[in-house]
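Trainee: The listed protein sequences derive, respectively, from chains A and B.
Take the first sequence: its position 107, counting from 1, is numbered 107 in UniProt numbering, and each next residue is one higher.
Take the second sequence: its position 45, counting from 1, is numbered 45 in UniProt numbering, and each next residue is one higher.
Take the hints with a grain of salt, since some may be wrong.
[Unchecked claim] Below, in silico cross-link-like pairs of lysine-lysine (DSBU-like), each with a Cα-Cα straight-line distance of 35 Å or less: (1) A/LYS149 with B/LYS161; (2) A/LYS105 with B/LYS91; (3) B/LYS161 with A/LYS2; (4) B/LYS156 with B/LYS91.
Worth flagging that the hints you see were computed from the coordinates, not collected in a lab.
Listed here are the chains, written in short residue letters.
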Amino acid sequence: MKWIASDIETYAKEKEYVDTIVVPLIPFGLENNLKGTVSAGEYISIISHELERQLRGRLLLLPPFTYLNSEPMEEKVKRLAEWHNEVIGNGASYVVYLTSDVEWKNAEDRLEDTLVWLPSIPLEHMDNEYKMETVSTQVKQVLQIVTKKWQNSPK
Amino acid sequence: MAKKNEVTRRQFLNYTLTGVGGFMAAGMLMPMVRFAIDPVLKEGTEQEMVPVMDVSEITKEPQRKKFKVDQVDGWYESEVEQSAWVYKDEKDEIVALSPVCKHLGCTVDWSSNAAYPDQFYCPCHGGRYTKDGVNVPGTPPLAPLDVYKMKVEKGKLYLGKPEPR
Ligand code: FES
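With the rest of the complex left out, here is chain A:
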């Protein structure tokens, strides 16, 4: 389900079925490598929406966790822990972070949840068919990670 009013209504009603939270981690900064930052973020946002479409009955896609490129990792980890507490405190069992920012790889062991890192693939010059193909193969992998988590506790 998405972070939109109509979906949240269903979420509130069917909360017991929605135990997984997905948070895209998206960096921001206007200094160097502007284009790279933007396309990496765009890529993750496409992937998260597609993932949501496939598994919308059991997961809630939150608005992205955004941060300045220059923000120190400890700060980010601390802020993200607050998000974690908020959602876990409200009944979610699994939290999945999606990002293509390598920095998070180094912090993985400090996160309490599943981090899925995907290399960002530049989609802008692909034709539509190929774009869909690429996105769907990537999403399939994320899907497997998520459903594997579920297998241990079917709801």
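Once you've looked at the hints, dock chain B with the ligand against the given chain A.
Mentor: Below, chain B with the ligand alone, put in the same frame as chain A:
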């Protein structure tokens, strides 16, 4: 005598003003008329059917086929990807089912759970449907999968909107 063919200043103004006025009136009326008859127009224009695959490719085993449809959502129009499970049933009739689970909307997969081969399986809460799309009692979904409107033309399968049964 020359006067006869010449347009007087008054006439000129009259013409132009009626012209402009008429134009304005039309501008105001047209949307009203459109609002009034729009539903009728909509009913008449069939939801666009999209070619999905060659009929010869259709097998007894359901295949997932993706296709794109234009969707107007509020103020922006976008291309959305849709998919269908397409197969031929025992009577050799083509069936195209929507993969959207009737419980909470996840995408169902064909025969993906080893314990339930030959069923559609929903990875979210274990919802199941038999091959004809009918929900298996005792699993979360309470209705059968939607069926796509379809037509066959020149050996191609066209799909329209998925409709509840
Ligand atoms: S969404 Fe398919 S079983 Fe719940």
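Trainee: Take the hints in turn and mark each one as holding or not.
Mentor: Against the structure, the hints come out as follows:
1. Under the criterion of a C-alpha separation no larger than 35 Å, the hint pairing A/LYS149 with B/LYS161 is consistent with the structure, at around 34 Å.
2. Pair hint A/LYS105 plus B/LYS91 does not hold up; C-alpha atoms about 54 Å apart against a cutoff of 35 Å.
3. With a C-alpha separation of about 23 Å, the suggested pairing of B/LYS161 with A/LYS2 holds against the 35 Å cut-off.
4. A distance of roughly 19 Å separates the Cα atoms of B/LYS156 and B/LYS91; the hinted pair therefore holds under the 35 Å criterion.
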